[in-house]
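> Residue-level listing of the chains:
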Amino acid sequence: MKFQLKLSHKGIILVSVPLIFATIFLAFLTYLLNQAEHEVEAQIRAKALVTEAGNLQKSFYDAGVAMAGYSITKSPLFADRFDAILRQIPTILESLNSLVGDNPKQQQVLVELKSIAYSALKILKEAKNAVATDEIDMAQMKARSVYKQARALTDKLKVTINDLTSDESMLVNKKSHQIDSKLQVKIFLAIGFLINIIIAVFLALFFSKGIGSRIEILTDNSIRLARGQELNALVSGNDEIAQLDKVFHAMAINLQEAMEKERAIVENAADVICSINSEGKFAAVSPACKELWGYAPDELVGRKFVDLVFNDDLAQTIQSARQVRQSKVTTSFENRTFKKDGSLVTVLWSAYWSERERSMFCVAHDITQRKLAEEAIKASEERIRTIIENMLVGLLIITPTGFVEAVNPASERIFGVPAKELLGKHVLNLFSESKFMNVDNEYDRKQFLETFFTKSLNRVGEFDAIKLLNTDEDFPVEISLTEFNIGGNLKFMANILDVSERKELEKMKKEFVATVSHELRTPLTSIRGSLTLLSVGALGVLPEAVKKVVAIAERNTIRLIGLINDILDIEKLEAGKLDMVFDDLALSNVIERSQESVKSFAEQHGVNLIMAQTDIKVHADGDRLVQVLVNLLSNACKFSPKGGNVTVAVVDIPNWVEVRVIDQGRGIPAKFKNLLFQKFQQVEASDSRKKGGTGLGLVICKGIIEQHGGIIGVESEEGHGSTFYFRIPKIKEPSEINKIFLKQA
Amino acid sequence: MKVLIIDDDEDSRSIARLSLESLANATVIEASGGQEGFDLAKIDKPDVILLDLLMPNLDGRATFQLLRSNASTATIPIIFLTIKGIFDEFDELKANSNVLVDLIVKPFDPTFLAQQIQRILI
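If you're matching them up, the sequences are chains A and B in order.
Residue numbering for the first sequence follows our numbering, beginning at 32 and increasing consecutively.
Residue numbering for the second sequence follows our numbering, beginning at 1043 and increasing consecutively.
Chain B extracted, bound-state conformation (with noise of 0.2 Å):
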């Protein structure tokens, strides 16, 4: 089970790495920004995205935009690491979404992390 962690903040990135590998035992790759984590996905086809949604530059809601407008990475579920009190357009998305589209709320229990991953590949 391979998982991109798309996020700008570097330990929140080593926290989500070491919490999938040695809680659900999945291969993370790691990418620090929107764009970077898009060229990535392309690449190493993740099974499952965690896309922060605050990041400069491409933030999470043009990076999850790119990736469904790309066809190699449109089908590939995204779990968004953010709040709801600033992402009011999450439901509809979600609704809207052909593909499984989560969200897990920050600050993140690794151990509910890595079940939500587990429960999401099975």
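Just chain A, with the same shape it has in the complex (with noise of 0.2 Å):
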């Protein structure tokens, strides 16, 4: 195509081209009949010019022939009828006039033929006065001299009418080379409408040749692309055509990818895809089958579907695949299907009916995994249920606001009432403390509440709960919050243990160490009491052996009683509980009464005791404090060489006083600095045998020390002696409250 139209201009062209040439046709036929018309009127007007000019020439002959039958017979007809000619020159030459219209040739004529006219006209009625006056001679001399003279005139007039008529003549005398034109119009209108005819048939089999050759290319290519052959060379051209070929050319393209993509899809899909006939026979399987089933799949294909899946799920299958035939949209099923070993998988189905291709089209997505987890998780959740519905400690989750929004039945049993009773409630009603404070009250739950995280966030702490059906039976409860989240929601959840029961055995507990000590102590009384009133000779003198021996009873005596006391201790001080009774005391005296307490025992040991002085003041428990500086100037004095010294040193700092007890002994290993001050730790095993004591007293004097604030410890070096030290406030000097308090005032 070497004019790259488009269909839209060809259009315009094909019905354009013949449109101009009728319109030139119609205005050259337009023109041809205007002419025609035009030599039409000039017959017509040639026709009434020689018509009125033989009617003037007729005129003056007839006016002649009357002037002379008036001349002779005098008769009033002939005059009245040369009147009445005369009368109507005039107009006939008006009319003459009106009828040569501009043509000068005529028009000159005209004026030449009027000229002789009024002359004619003037000597008629000259002639006729010299009738009426009876100058008959005259009258008829003039007669005969008019009308030689009208007739000379008329012959004049005659020439000059020809003259004027000759052109007019012509002009109808043209009527042969009208019928010429005539002919000719008619011969160039079938020409012209030949030509017309070839134009159009000829554009019209110009571009039925461009265009139909190519629509049937395209119609070609949309058969070639639902049989999936290759589609012919794109057709030429810029028009619509090419473009839409183009177009269609593209879309194949993009459905044959597609197409692959598809397939790709179906052919790596990790899930299995199949489409099952009306048979309920396999139609298509996806290559997946292989690696899930076990099966390839052409050992599939016309396989029934039902062969497949586990018989105790049969039923249910065909009762799912015949919802999918109903439902028109896809529907799950689950089943256990045969892989080709004979073992089950867990299939999730996902199917659909197409009416039209009579044939399910189903995924099938491997769930075993999942249902496994599932029923692991399943599982655990029942595990977990069962533990929190029957573990012996209450469960409450409650909102950060302290309301109650589920509980486990120990909470029922704990507060002995169901559940719903517990729900919604705000904890303070669960407590002695709404006996004093309002559950209504937002200010007083509020009040309560940070206690109660205070007290048992992250921890343990103990409460009076109350029974929720008789609100004045209290039970010891003990309560540990931990903070969750729920779905971004912030909980926690409460841990209740009613310790009711142990309270009372706990107290059954002391009841019975305080009974048995003090059963252990009555007998010991006795012993310990006979074995000094001997030993310092309040009976008599003993002999050197039997004093000996007393000594070893006494002393393993007062070991027995230590022991005791430890214990003792050692059961409040986990209670929480070592009396204590807080004093304001001089440190001196705390060091006087413990010097007392162990210069016997460090004679026995050979050790020096050198003694510090001060005056500071403390305020503590000076029994306490005296147990501790015992304790340790024992030690000291148990692991002193002989000869050693076991000072105690004070050492004043800001605010706090420390005791220090320097020993000359063996030292403590760095790796039991830290067990020093547990239960039953000592350096060496048998060191209890050797050197006495139950290893429970550095625990009972961290105790002891920790209750007044202060903290124990000890610095050491392996064979370079040991120094314990201890460190408690000291009392502000009365000057420095004032300060305080004057400050503060």
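The reader is advised that the hints may include incorrect statements.
[What the hints assert, rightly or not] Result set (EDC-like, lysine to aspartate or glutamate): computed pairs, CA atoms no more than 16 Å apart in a straight line: (1) A:486 / A:509; (2) A:541 / B:1130; (3) A:456 / A:436; (4) A:359 / A:388; (5) A:603 / B:1130; (6) A:213 / A:70; (7) A:733 / A:605; (8) A:761 / A:737; (9) A:648 / A:614; (10) A:312 / A:338; (11) A:538 / B:1130; (12) B:1136 / A:610; (13) B:1136 / A:614; (14) A:534 / A:505; (15) A:534 / A:495.
No lab work stands behind these hints, which were simulated from the structure alone.
With the hints as a guide, bring the two chains together.
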């Protein structure tokens, strides 16, 4: 195609070319018709002119005749006729004038004609007058003359009229020429029409060749596409058809790609994609079935779907398949499917029934692992639920504002009401504080909640709970709060343990221990008293050997007493109930009493005690402080070499006072330093037998010092002695207290 | 100096008696129970009473109340023979009493007992 014309352009050409031709013909035809009309008009006028000229000539002739008659007869008949004719002539002249129009030649002839006519009229009138005056001769003569003149004039007129009408006559004779031009028009019309048809046919053929053949290619392409054959090459041109073809090719490529992708997806899908025909047989199966079920696709095609279904699931599967057929949308169902090796997989089928293809299209997703995981989760949930529901500890889930959201059965038992009585309640309702706090008052609730959280968040707090049916019934509980998040919502889990029984047991144990220790003490009092009375000679002087034995008995009795005391103290320390009586006292007094206590013990070990002097005052339990210092001094004496020194030093540091017990013993290995303040720890296991002691002393000391708000520790290097120290707060001097007081005031 | 020992354990009484007689030169009278002790205290007007806490029938606490409630015995200093472990209210008792109340821990050192008694009565 040489011209890159669009289809619409071609259409315009196809219509407009014949139209233009038709228009040209029409214009030309109109021109010819106009001309013919002019010619007709000219002929009519020429005819009229010839006629009028004839009339004029005839009038003159008639006037002459009438004149001749009149002159002879004098009959008024001729006179009237003559007058009538004379009156007629100007009218005829006027008529000629109008017919001549703007033809200059004819105008000139007409002017000449008029002058001749008027001259003739004048002669005719003179002749009549001559007749009227009876100058017959005259009249006759005149009449003859006039007649002659009139004849001459008439001849002249005749010539002139001939001149005047010669053109017109020519025109009238033109008729044959007219016939020629009409024929021409007809021929021309016929030729034009023929050309027009030829052009139209040519164009139509020309364009239809370009359009039709290409549309055929397009049609062929669509058939090829449907058959999956390769398309024809792109059609030539740049018009709509070429565009359409281009788009069609692009579409075909896209379609091809999409199909390839789809095939790739189906073939590489982890899930089995298959179609099952109306007979329930596999029509097509994706390769994934090899991986998932152990079957090659070919092995499955043609086999019945139900053959693969586990017997127990058969009925359910058939029912599901029916539902799929009835449903218009994709429907899912699960079943267990046999693999080739006979093992089972759990499969989730997503199926869709196509009525058009009479097939069920399925995606089979292996959910064996998911199923197992779900079962594991279910089992785990079941286990946890069982634990929660059967545990002895009460569980409350509470909101950050303190409202109960969930409870376990143990909580129902603990508070003595069914769960619904607990749900939605504020925790304040559950505790004895509700007796003096208003459970409906938000401030009170907040107050309680603060205590509740402070005491039990991530630790164990003790509270007095109440039985909800009988709020007078208090019982001790231990509560531990744990913070956790459920879907971004902060919650607290409260573990509630009813410790009534334990408290009861503790009380019983305490009483038991107290009673036993008291009962032990009573005989020990007698033994110890007896031995001491003997050893101090209160009952007379004893022989040396007896004294020695009595001393052994006394020493071991004291040790036994110490052991009982320590065990009792430990018991109290652990319960946090070591009795303490705080008082302002002079540290020197504590030191003196301690020295008094260990004096004989030091002497026994051959150790020198060197005690510091001080006037520092402390706020402390004097007896307990003595207990600590005695313990440290005893230890120091025990582990000091004979003749060694045990020194008590007092160090004054701001706000604190530090008491240091320095020995020259074997020192303590670094690894034991931290163990020293734990129960039943001694540097050497044999120490307790060799050196005495229970291994509880330092633990008690630590407890006592810590209850004073102080610290206890040891500095030691193996082989270079040890320094045990404790540090407790000093009393502020009155002046200092005043200062603070004044400052505050 | 007259000391009344109220203790249900005979051995304990004997040791206390021996200690006080030999080491503090005291005159000792003994009662084996609270009621007997109260009766003796009314009659003999001791300078100090050593009172055991755990006794059958009338125990140390009850005896203490009885002694305090009676005008003739209300002003006699009383030393309990026991341990704080089973006598939680001792500190309160001591603090609220106009008359001397003390405690000597069992099993006591006879010499310490004698010293304490002497110290009280000086």
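> Determine for every hint whether it applies to the structure shown.
Comparing the hints with the structure gives:
1. For the given pair, residue 486 of chain A sits about 10 Å from residue 509 of chain A by alpha-carbon distance, which is consistent with the 16 Å threshold.
2. Our distance criterion of 16 Å between C-alpha atoms is met by residue 541 of chain A and residue 1130 of chain B, whose separation comes to about 12 Å.
3. A C-alpha spacing of about 8 Å is found between residue 456 of chain A and residue 436 of chain A, which places the hinted pair at or below 16 Å, so the restraint holds.
4. In summary, the hint linking residue 359 of chain A to residue 388 of chain A is supported, as the alpha carbons are separated by about 14 Å, within the 16 Å threshold.
5. Simply put, residue 603 of chain A and residue 1130 of chain B have alpha-carbon atoms about 12 Å apart, close enough for the 16 Å limit, and the pair holds.
6. For the hint linking residue 213 of chain A to residue 70 of chain A, the alpha-carbon distance of about 12 Å falls within 16 Å, and the restraint holds.
7. The straight-line distance between the Cα atoms of residue 733 of chain A and residue 605 of chain A is roughly 12 Å, inside the 16 Å bound, and the hint therefore holds.
8. A distance of roughly 14 Å separates the Cα atoms of residue 761 of chain A and residue 737 of chain A; the hinted pair therefore holds under the 16 Å criterion.
9. Restraint check for residue 648 of chain A and residue 614 of chain A: satisfied, since their Cα atoms lie roughly 10 Å apart, inside the 16 Å limit.
10. In summary, the hint linking residue 312 of chain A to residue 338 of chain A is supported, as the alpha carbons are separated by about 9 Å, within the 16 Å threshold.
11. For the suggested pair residue 538 of chain A and residue 1130 of chain B, the alpha carbons sit about 13 Å apart, so the restraint of at most 16 Å is met.
12. Taking the CA atoms of residue 1136 of chain B and residue 610 of chain A, the gap is about 14 Å. The hint holds against a cut of 16 Å.
13. Distance restraint check for residue 1136 of chain B and residue 614 of chain A: the Cα-Cα separation of roughly 14 Å lies within the 16 Å cut-off, and the hinted pair is therefore satisfied.
14. Under the criterion of a C-alpha separation no larger than 16 Å, the hint pairing residue 534 of chain A with residue 505 of chain A is consistent with the structure, at around 13 Å.
15. A distance of roughly 12 Å separates the Cα atoms of residue 534 of chain A and residue 495 of chain A; the hinted pair therefore holds under the 16 Å criterion.
Figure legend: structure checked against the earlier numbered hints; every hint is met.
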